Every structure is written in structure tokens, then in C-alpha cells.
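Asks: Let's have the full structure, built from the sequences with the hints guiding it.
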Amino acid sequence: MGFIWFWLVAVMIVGYVVLDGFDLGVGVLHLFLVRTETERRSTLASIGPVWDGNEVWLLAGGGTLYFAFPLLYASAFSGFYLPLMIVLWLLILRGVSLELRNHIDVGVWRALLDGLFGLASALLTIFFGAALANVLRGVPLQADGYFFLPLWTNWQPGPRPGILDWYTVIGGLVALTALTLHGALWLTIKISGDLAERARSIVTPLWLGLVALTAVSLAATIAVRPASLYNYFNYPITFIVPAGVVASLAAVWLFNRAAQPVKAFLSSSLYLFFMLAGACWSLYPTLLPATTGSANDITLSRAISGPHTLAVGLVWWSFGMALAVCYIVFVYSRFHGKVDLGVSGH
Amino acid sequence: MTAELIHRLHFAFTITFHYLFPQLTMGLALLIVVLKSVAIRTGSEEWDRAARFWGRIFAINFVFGVVTGIPMEFEFGTNWARFSRLSGGVIGQPLAMEGVFSFFLESAFLGLFLYGEKRISKLMHWFSAVMVFLGSWISGFFIIVTDAWMQHPVAFDRLPNGQFEVLSFWQLLLNPWALLQYAHNMTGAVITGSFVMAAVGAFFLLEGRLQNYGRIFLKVGVIAGVISSILIIFPTGDMHGKYVARNQPAAIAAMEGQFKTESGAGMVLIGQPNEETGLIDNPIVVNDALSFLIYGTTKAEVKGLDQIPQDQWPTALPLLFYAYHIMAGLGTWFALLMIVAAFLLWRGRLYSARWAQWALLLSFPLPYIANTAGWMTAELGRQPWLIYGLMRTSEGYSNTVSASNGLFTLLGFMGLYALLGLLFTVLIYREISNGPEPKSAAAIHAN
Chain A
1 MGFIWFWLVA VMIVGYVVLD GFDLGVGVLH LFLVRTETER RSTLASIGPV WDGNEVWLLA
61 GGGTLYFAFP LLYASAFSGF YLPLMIVLWL LILRGVSLEL RNHIDVGVWR ALLDGLFGLA
121 SALLTIFFGA ALANVLRGVP LQADGYFFLP LWTNWQPGPR PGILDWYTVI GGLVALTALT
181 LHGALWLTIK ISGDLAERAR SIVTPLWLGL VALTAVSLAA TIAVRPASLY NYFNYPITFI
241 VPAGVVASLA AVWLFNRAAQ PVKAFLSSSL YLFFMLAGAC WSLYPTLLPA TTGSANDITL
301 SRAISGPHTL AVGLVWWSFG MALAVCYIVF VYSRFHGKVD LGVSGH
Chain B
347 MTAELIHRLH FAFTITFHYL FPQLTMGLAL LIVVLKSVAI RTGSEEWDRA ARFWGRIFAI
407 NFVFGVVTGI PMEFEFGTNW ARFSRLSGGV IGQPLAMEGV FSFFLESAFL GLFLYGEKRI
467 SKLMHWFSAV MVFLGSWISG FFIIVTDAWM QHPVAFDRLP NGQFEVLSFW QLLLNPWALL
527 QYAHNMTGAV ITGSFVMAAV GAFFLLEGRL QNYGRIFLKV GVIAGVISSI LIIFPTGDMH
587 GKYVARNQPA AIAAMEGQFK TESGAGMVLI GQPNEETGLI DNPIVVNDAL SFLIYGTTKA
647 EVKGLDQIPQ DQWPTALPLL FYAYHIMAGL GTWFALLMIV AAFLLWRGRL YSARWAQWAL
707 LLSFPLPYIA NTAGWMTAEL GRQPWLIYGL MRTSEGYSNT VSASNGLFTL LGFMGLYALL
767 GLLFTVLIYR EISNGPEPKS AAAIHAN
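Respectively, the protein sequence lines represent chains A and B. 1 is the number of the first residue of the first sequence in the working numbering; add one for each residue after it. 347 is the number of the first residue of the second sequence in the working numbering; add one for each residue after it.
One or more of the hints may lead you astray.
[Claimed, not checked] Here are the computed lysine-lysine pairs in the DSS-like style, where the Cα-Cα straight-line distance is at most 27 angstroms:
| no. | chain 1 | residue 1 | chain 2 | residue 2 |
| --- | --- | --- | --- | --- |
| 1 | A | K338 | B | K785 |
| 2 | B | K645 | B | K588 |
| 3 | A | K338 | B | K464 |
| 4 | A | K338 | B | K606 |
| 5 | B | K565 | B | K606 |
| 6 | B | K649 | B | K606 |
| 7 | A | K263 | A | K338 |
These aren't lab readings, by the way, just hints derived from the structure by calculation. A quick note: this is a predicted structure, and the numbers were derived from the prediction, not measured.
Replies: Quick look at the structure:
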């Protein structure tokens, strides 16, 4: 049961990153790529009907984590208190600025809201990447299962780290680059004309940056926590996951070059999936490693909920998520194809 | 200030601000379905525009509700870690179910309702409105289930490590406390929706513009308002109150200011509870009324605070007393005002009775106050318990998060929410002054 729920939570995280990832990326990009108000409106219309649903994956994932692994939820959320509160503020600013620009027709205010939207999107990707890196690096867990991290200490991933150190900053940059690329590929699907060309041409530099950062982050992860490799050497078949990272990265470049935007976008989704799955597998069965000695690790068996909770949960969770996937497919199919401002009245 | 107080204020402040938005969206969602249904049945373009107008108001409220709602789920972990660690297996379920069963539904169909009207059929557009309504009401249900378990824990067991474990999924969802509280709470949301709709209608009529829409809003608002204002008192409020009296005697005694156990207990309408003397200062009392309301006979004995150990008294007793009386007093006003307005509507005089329109216009903030006061009554009445009878509030907050860090983020939220409140007011005012008529082509272009 623990194995199943570990991967179900991982599925929710992947779902969140792949889906909200592209609208975060569009948020970052629209600051640089867009030249006219019409282009900006098309760009925002490409995520308008779906961003809120994408964000639901974060909430539903949080809820799933909460009841399946209450100890992990309690420990990580209180330990990462300050960065999570900043994430909340950014999510608030981002949601409000995106949705309300359509209700305001004063240019200055719109410019402010657009700037806020882009900035909040960029900072969120960095925080999410850094958060994942914090989990991979480990935190100074005490014997009672709790910890508290300051935002930064000496920027070194030692036994008393902060949220931000050189390693977690790399994680943040990987996320920023990967999701900006993901957003650019989304725009090549949804937008036509000049803007789509610009989105397509920005893919190459982003891609090169991502290749370099992916390599650096993999090497850094092994250096910071050598135990990350244990599962891979114990089950060599699982080296298929890093192979998948490389293959999907290559596919992004090839499909974008061949002007096949949907395939390029799906490849980028696969890249995100392999990166996250690889990270989860490097941890399993640990959920949150301790920098204070592995006796303090929060492990699957230590954090898991009671058996009846999990059994009941599996029934409604499967049913509910099957339903949710139906709505999501339906909505995306209604809004398929290029954005047409003429029929997206609001 | 102690860490416990800061964490309590943190949750109280963010949830109070948050609930200003869902109470309107849940109420409006129902009324939009009504408008949209009439539009479909009669083919009336006016009712369709009315539905679209309220859809825009709904959308703004929805966004504010979403962005202020995300912190609530997080705060269980960030600010109430020790509570979450032990209770996650139980209340994590309804919270996760809210995401899985309600938010996906609501967000998907709201996207279709707002952006997709030209991409889907008329019937599908109506169906989207119904789904948004369902999603928001399901969401409310799961939140009430969560709260109800803290108020009245059922169907649980404790694991060797102290964690709570669900014994029966259906008993958790069908907790009698949850069903009563849900009925009462959703009626309260419909009251907010009706009063806001009626107030906008009254505003248009008093201004002498958009009169046809003003009449639609007034009619729908007053009909829904009179039904919900009666239902909030009887049966939902009455039944919920009796259930609280049976299960949380300390809460009901503090709400009513009943310091001493007595038969033929009176009901205090106004007064100030004095914890030192154990009396109500400056009381206005209706004799025997409390005994009658709780037990159905004027001579029944009502348990007072004197029978309850002082360390189990609600910690903010005067505030609880006032919150309850504000809720009950405003509830009485809602019923009176709406019955009069409904009578005028029936006699065909409401559209010309300017005094009644003024009363409706000025009353729109009151349901917000009443709903907030109602929630304060429920949550302050639960104190000093976090999980009633099982876990004290002082045992539940995150003791690794210092008072200083808690205050830092509380102040951050206060600043941010002050900004949001300002922005919200401007946007809603603008949307209401634009009114339901479609903008001219030039205006759309400028937009």
C-alpha cells in the first residue's frame, strides 16, 4: 500500500508540473516575447480557460499527501514554513493579476498586472525547483520528525543548510529553464503568426541552457547526496529513467526543428516526467532525508497513514481522479487548436 | 504574544477573509442556474444577459476565493503541524476529496461557462452553470465535513503511534453534525447571494437606469431571500442549535451567557457577560425562552457554565457571546425585511417602493457579517478544544514555527489582503456600474 501511495502522490506532482508548468512558463515568457496588446491577449487567452484547473493539481496533490503521509505533510510544511508562505503570496498575486487584467482597461494598471504576473510566475518556478532540491539534499530533521529551515545560512548544503544554497539554486534554475521552454512549446501549439515564430526560435537557446543545467544538476545531486544512486545500482533496469531524460530532451529539439509543436510539447512533458520520476526513485523509500543522520529520515513506513484510511482512500481517489481526467480532457478538447480572440469572449 | 495566539490569529484572519468570497459564489451559483434556466425556457435575451452579468461578478469572486483558499489547505501543515500529524488520516480525506471531486469539476466547467459560450451549445452552456453550482456546493460539503469532525469527532480509532484512523468512511461523511451544519451554512450562503442580487437590483431601480434588469434582480433576489431567510431560522438554525446544546453544553452556555444551571432559563437578547461576577450586565431577557427553544418546554433545566470545569470553558467567552448574538440578531432582521419585501413583490408594489429598495440596498453587507459571526460562534464555541474533547488547541499548533516567524507572515497576509480588498472593491464597483448590457463595438475594441 505504501508503494502505491508513494507513486500516486508522485503522479499528482507530475500532473501539476506538466500542466501548471506550461502556464507558469507562458507567464515568464510573455514579458519578453510579446510586442502588441493583441499578442498579449492571445498569449493569455491560451492559458485563460485552463490555468485554474492546472493549479488544482497542486491542491489535490497537497490533500493526497496530507491524508496518505500526515507526518511528512506536517513536518515538511512547518519546516519549509517561510518559503511556502512566499509561494502562497506569489500564487495569490499571480492568479489575481492574470484574471483581473481583463477587467481593467487602464493601460498603466494593465502593465503593472502583466509585470506582476510574469515576475510571480518566474519566482514560483524557481521556488518549486529549489523546493525539490531541498528534498533531494535533505533537511536537518530532529528525532521527533520536525525541523525548521531559515531562508538561507551560508549557502552551503552542509548539515545546517538554508532553503537556498548553491545546490538548491541550481534546482531553481533548472525548473525556471525547463518550464519556460515548456511554455514556449505550448505557445507554438496555440498561437499563430509572428509570435509563434518568435516562440519557436527562443526554444533553441532555452534548450541549450536546459541541457547544460540538467547535466550540472545531475552531477551536483550525486555529489551532494551519493545515496541517490543506490536504487539505480540495485535495480540497473531503472537506468532507463535517466536514459528517458536524455531521449526526451533530444526529441524536444528534433520535433521543434521539424515544426511539429504538439510532439515537441509532449516530449517536454516526458522530460519533466522522467526528471521527477528519477528524483522520486532516487529517494524511495525515503520521503525526506535528514542531514542529521539517516536515523532521522522520514521514511515511507514511518509516515504512512493507517491501513483502513489508505484502503478507503484508494477507492474514492481512483474514482475521483478518473472523473477529473474526463473533465480535463473535455475542456482541453473544447479549447483545442489555435487561439482565436473572436470566439473567446469573456 | 504567544506562538499559540499567533497561529490562531493567522488561521482566523486568513479564513475570515477567504470566506467573504465563497459565501457569495456558492449562493450566486444557485441563482445563476435560476437565471440561466429561465433564459433557456423563455428564450429571453434579457435573462441570458443577466446570467452573464452575474457570471462576471461570480468570476471575480471565484478568483479571489481560489487564491485566498489555497493558503487554507497549506496552513493545516504550516501552522498546525502537530494537529495535522495526528489527524491527517481522517480530515486529510475530505480535504483531498474537495480537490479531487470538486475543484477539478468547478474549474473545468467555469472555464467553459466563461470562455466557451461560443464554442458550445446553449444547453451545454446551461449544463456548465449547473456543474459550477454542483462543484461549489460539493466543495462546501467537504469543508463542513472537515470542520464537523473537529467539532464532533466520529468513526475514528487511534493507532499505536497516536494517529487518528478512519473507521467508517460513510460515518465520517454522514456525521450528523456535518449534515446539520451544511444545511445551515449553505442557506447562509444563499442569503448572501440573494441580498447582493437584490441590492444591485435596488441600486439600478433607485438610480433609474437599467430598470428591466433591476426588476429581474430584485425579483429573483427577494424570492430566494425570503425562502433562505426563513430556512436559516427554521428548521436549519433550530436543529443545529439543539444539536450543539446536546453535544457541546459548554459552547451553548457561553453563547447564551448562561452562567448558572436553572430550569425555566431565560434568553438574553442583549447584555455583556461578566466572567468575574458570573452575571450578564445590563441584560434584556425573555423569560423561559431558552428552555423552550432547546427542550420544547418552558420549565426544562438548562445546564450552565457552573457545571463545567473552568478549564473547559470557551477561551474567548465574551467574543463568542457577541458573535452568536450578532448572528441571531441579523438573522431576525433578514427574515423581517425579506418577508416585507416579498409581500410588496406579491402585491406588485416593490418596484415603486423606494423605501424598501433603500432598505435592501443598505442591507447587503449584513449577511457577510452574519455568516462571519456564525463561523466565529462555531469555532470559538469549540475552544479550548481543537478536536472536541480529544485534543486541545494548545497541543496542535506548529511549535517549531516561532511566534516571530508566525507574526512575520501574518503581517504579510494582512498587507496583501488589504491590497486585494481594495482591488476587489474597485473591480466589483466597475462591473456593477457597467451593468448587464453588452458593450458597444467601440468599447470592446478599446478593451
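Asks: State for each hint whether it applies.
Replies: How the hints compare with the structure:
no., hint, result
1, A:K338 <-> B:K785, "26 angstroms, holds"
2, B:K645 <-> B:K588, "16 angstroms, holds"
3, A:K338 <-> B:K464, "15 angstroms, holds"
4, A:K338 <-> B:K606, "72 angstroms, violated"
5, B:K565 <-> B:K606, "47 angstroms, violated"
6, B:K649 <-> B:K606, "7 angstroms, holds"
7, A:K263 <-> A:K338, "16 angstroms, holds"
Figure legend: structure checked against the earlier numbered hints; hints not met, in rising order: 4, 5.
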